[in-house]
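Engineer: So you can see what is in the structure, the chains are spelled out below.
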Amino acid sequence: MRTAVIAGVADHPLRDGKLAPDGSVLAAQARVAAAALADAGIEWSDVDGLLSTGMWGVPGVGQLPTVTLSEYLGLQPRFTDSTNIGGSSFESHLASAVRAIERGDCDVALITYGSTQRSDRSRNLGGRAPVLTMQHETPYGLPTPVGGYALAAMRHMHEYGTTSEQLAEIAVATRAWAALNPAATRRELITVDDVLASPMISDPLHLLDSCLVTDGAGAVVVTSEEHARASGVTPVHVRGYGESQSHWTIAAMPDLTVPPSAASGRRALEMAGITVDDIDVVELYDSFTITVLLTLEALGFCGPGEGGDFVSGQRTAPGREFPMNTNGGGLSYAHPGMYGIFLLVEAVRQLRGECGPRQVAGARTALVNGTGGTLSSASTCVLSVA
Amino acid sequence: MNASPAERPLPVVDADSARFWAALRDRKLTVQRCGTCGRHVFYPRALCPNCHAELVDWVECSGRGTVYSYTVARRPAGPAFAADAPYVVALVDLDEGVRMLTNVVSTPLENVRIGARVVVRFTDVAEGITLPLFELAPDPLPTDSSAREGTA
Ligand SMILES: [Zn+2]
Chain A
593 MRTAVIAGVA
603 DHPLRDGKLA
613 PDGSVLAAQA
623 RVAAAALADA
633 GIEWSDVDGL
643 LSTGMWGVPG
653 VGQLPTVTLS
663 EYLGLQPRFT
673 DSTNIGGSSF
683 ESHLASAVRA
693 IERGDCDVAL
703 ITYGSTQRSD
713 RSRNLGGRAP
723 VLTMQHETPY
733 GLPTPVGGYA
743 LAAMRHMHEY
753 GTTSEQLAEI
763 AVATRAWAAL
773 NPAATRRELI
783 TVDDVLASPM
793 ISDPLHLLDS
803 CLVTDGAGAV
813 VVTSEEHARA
823 SGVTPVHVRG
833 YGESQSHWTI
843 AAMPDLTVPP
853 SAASGRRALE
863 MAGITVDDID
873 VVELYDSFTI
883 TVLLTLEALG
893 FCGPGEGGDF
903 VSGQRTAPGR
913 EFPMNTNGGG
923 LSYAHPGMYG
933 IFLLVEAVRQ
943 LRGECGPRQV
953 AGARTALVNG
963 TGGTLSSAST
973 CVLSVA
Chain B
15 MNASPAERPL
25 PVVDADSARF
35 WAALRDRKLT
45 VQRCGTCGRH
55 VFYPRALCPN
65 CHAELVDWVE
75 CSGRGTVYSY
85 TVARRPAGPA
95 FAADAPYVVA
105 LVDLDEGVRM
115 LTNVVSTPLE
125 NVRIGARVVV
135 RFTDVAEGIT
145 LPLFELAPDP
155 LPTDSSAREG
165 TA
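Protein sequences, first through last, are from chains A and B. Count along the first sequence from 1, then add 592; that gives the number in the numbering used here. Count along the second sequence from 1, then add 14; that gives the number in the numbering used here.
No lab work stands behind these hints: they were computed from the structure. Be aware that a few hints might be false.
Dumping the calculated SDA-like pairs for lysine to any residue here, alpha-carbon to alpha-carbon at most 25 Å [what the hints assert, rightly or not]:
id : chain 1 : residue 1 : chain 2 : residue 2
1  : B       : 42        : A       : 725
2  : A       : 610       : A       : 713
3  : B       : 42        : B       : 27
4  : B       : 42        : B       : 137
5  : B       : 42        : B       : 54
6  : B       : 42        : B       : 29
7  : B       : 42        : A       : 726
8  : A       : 610       : B       : 92
9  : B       : 42        : A       : 724
10 : B       : 42        : B       : 107
11 : B       : 42        : A       : 844
12 : B       : 42        : A       : 723
13 : A       : 610       : A       : 647
14 : A       : 610       : A       : 627
15 : B       : 42        : A       : 722
16 : B       : 42        : B       : 139
17 : B       : 42        : B       : 110
18 : B       : 42        : B       : 59
19 : A       : 610       : A       : 772
20 : B       : 42        : B       : 53
21 : B       : 42        : B       : 111
My request is simple: use the sequences and hints to build the entire structure.
Structural biologist: Spelled out as C-alpha cells, the structure:
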C-alpha cells in the first residue's frame, strides 16, 4: 500500500480580519487552493479528490459544498468528502484523504475551507426556529457558541479550583506567538490583567478568553509520497489519526470537563505508536481558553484537573517548555467560524521549518487536535517529517 | 424571563415532543422512562439511548433538581433575550437522573451556585408553550446528589 503525505498548504492573507484582497467565499477557496497546489508543485489537472465543508450558503447551495466548489474550480473529482462535524472537520478530512490515497481512490486530494463571516457580519447563526433536538435548548437563551464552553469552564473551576487567571495565561501566551506571526490579526501583547479586565461575555469567560471573529480560507494538498517527492517538496507524514464525538446538545455531554479528544487523541497516538512525550509542537483548537485547557487534559499532556497548573507561568509561550498554537491560534491569528484547517497549515509549516521567528527548533513531530460544535466532536492527527 | 413572546425562539413541537410540551401546559414536568433498562430519558425520543429499547412509558418528575453547572449570559443570545440580560442559563440534574438545559430565575443572580437545589417554575412564554424554568429551592434539603455536589 502506498503512503499518503501532505505536500502543500496555504492560508489566505487577511487585513484587519477580512480577506485581502476581498472576494466571495468561493474565490477565497480558489485562491488558497491555487497557492497550496503551487506550494506542493502539483498541477490543477492532477487534482482528483476534493474535501470541503463550511457554513457558507446554508441553507441552499452550501448544503452540497463539494459539488458547488468542484464546479466553481473546474474539477470533476472521483473522490469527495463533505463531512461536517464542526471545526474539527478538516482533521477528519485529512484522515479521509489519506485513506483514499492509500486505497487508490484518488491521487491528489485538495482540502479547502473558506469563510467571509466578518465581511458578511454573519457570525450569528440565530434566528432559526429551534427544531428537533434544539427545541430543548434554544428557548433558554444560551449564547452560542460561548455559553456551552462557559458551562464547561464553570464546572471545571468547581471540580478542580481552576481560576480565571489560569485560563488567561493561555490567551496571553497565544498572543505572544501571534506577535511573532506577521499574518496574525491581533499582535499587540496582552497581560493576564488585560484578559480579566476585558468584558465578561458569559461567566466565567471574558472577551479575551474568546476567539476572534474573522474571515479566512485555508487549503491542504494530500498526495502519495512518491508524487510529493517527484514534485520536489518535503513530505509531511500522517502518522496517526482518531475521531470521536460525544454529544450535540450541551445537556447530553456526559462530563463537562472531559471532551471527546480523550478518545480521538488516544486513537491517534496509538496508531502513530508514540506517546505525548514524543510530541515537539501542538496545535489545539482554541475557540476559547477553556477549550485548550480541557484538551490538554483529555489528550494526556497533564492529568485531569491539572490543566490550570500546566499552563501557568506562561509555559506555552514562545521559547518556553511547551510550544502550543504557534501561529497565534483562533484567539489571535484568525477564527473564521471553523478553524481546524489552520491547525494543519501551521503544523506543516513548523515541521518543514518555515516559521521564521516563531519556528520551534527541531520540530519533527506535531499533534493537531480539532474540536467541533460545543466540545461535541474531536479529531486528532499526528504529523511528522521523516 | 421577560422576553417578548413574539420574539422568543419557541420550540417547534414534533411527534417526539408533543406529549412533553402538552404535559407542561398542565403544569407537569414529564420524562420518558425505559421499560427495559429503567433509565429516565430526556429529551423525548423513539429509542432508549442506553439500551436502544423502544420508549413508551412516561413518568411525572418531582420537579426538584441540583445545579450541575451554570453561566450568566452577559451578552444575550440574540435580540429576543436582550431585555433579560444578564440572566442565568444552567444545566440542572433532575432527581430522576436526567440533565436539562434551563434558566434558573434568581434575584440576585449571584445566589445561583453549582450544587444549589432548585425547583421547577412553570413559565408560560407563548400561547400553548410553557417552559420548565427553575428557581432556587426555598428550603434546600440535603440529598445524595446535593451532598456530592456540595463539597467544593
Ligand atoms: Zn433502556
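Engineer: All hints, please: hold or fail.
Structural biologist: Evaluation of the provided hints:
1. Using a Cα cut-off of 25 Å, the hinted pair residue 42(B) and residue 725(A) holds, with the two alpha carbons roughly 20 Å apart.
2. Under the criterion of a C-alpha separation no larger than 25 Å, the hint pairing residue 610(A) with residue 713(A) is consistent with the structure, at around 11 Å.
3. Straight-line distance between C-alpha atoms of residue 42(B) and residue 27(B) comes to about 17 Å, which keeps the hinted pair within the 25 Å bound.
4. Among the hinted pairs, residue 42(B) with residue 137(B) is consistent with the structure: their alpha-carbon atoms are about 12 Å apart, no more than 25 Å.
5. Distance hint between residue 42(B) and residue 54(B) is fulfilled; the C-alpha atoms sit about 16 Å from each other, no more than 25 Å.
6. Restraint check for residue 42(B) and residue 29(B): satisfied, since their Cα atoms lie roughly 18 Å apart, inside the 25 Å limit.
7. Restraint check: the Cα-Cα separation between residue 42(B) and residue 726(A) comes to about 21 Å, which is no more than 25 Å; the hinted pair holds.
8. Between the alpha carbons of residue 610(A) and residue 92(B) the distance comes to roughly 24 Å, so the proposed pair stays at or under 25 Å and holds.
9. Restraint check: the Cα-Cα separation between residue 42(B) and residue 724(A) comes to about 21 Å, which is no more than 25 Å; the hinted pair holds.
10. Between the alpha carbons of residue 42(B) and residue 107(B) the distance comes to roughly 17 Å, so the proposed pair stays at or under 25 Å and holds.
11. Annotation: proposed proximity of residue 42(B) to residue 844(A) holds, straight-line Cα distance about 22 Å (limit 25 Å).
12. Pair hint residue 42(B) plus residue 723(A) holds up; C-alpha atoms about 22 Å apart against a cutoff of 25 Å.
13. Restraint check for residue 610(A) and residue 647(A): satisfied, since their Cα atoms lie roughly 17 Å apart, inside the 25 Å limit.
14. Under the criterion of a C-alpha separation no larger than 25 Å, the hint pairing residue 610(A) with residue 627(A) is consistent with the structure, at around 18 Å.
15. Proposed proximity of residue 42(B) and residue 722(A) is supported: the alpha carbons are some 22 Å apart, at most 25 Å.
16. Taking the CA atoms of residue 42(B) and residue 139(B), the gap is near 16 Å; set against the 25 Å cutoff, the hint holds.
17. The hinted pair formed by residue 42(B) and residue 110(B) meets the criterion: a straight-line CA distance of about 14 Å does not exceed 25 Å.
18. Annotation: proposed proximity of residue 42(B) to residue 59(B) holds, straight-line Cα distance about 18 Å (limit 25 Å).
19. At most 25 Å may separate the alpha-carbon atoms for a hinted pair to count; residue 610(A) and residue 772(A) meet this at roughly 20 Å.
20. Between the alpha carbons of residue 42(B) and residue 53(B) the distance comes to roughly 19 Å, so the proposed pair stays at or under 25 Å and holds.
21. Between residue 42(B) and residue 111(B), the direct Cα distance comes to roughly 17 Å. Compliance with the 25 Å bound is thereby established for this hinted pair.
In the structure shown, no violation is registered for any of the earlier numbered hints.
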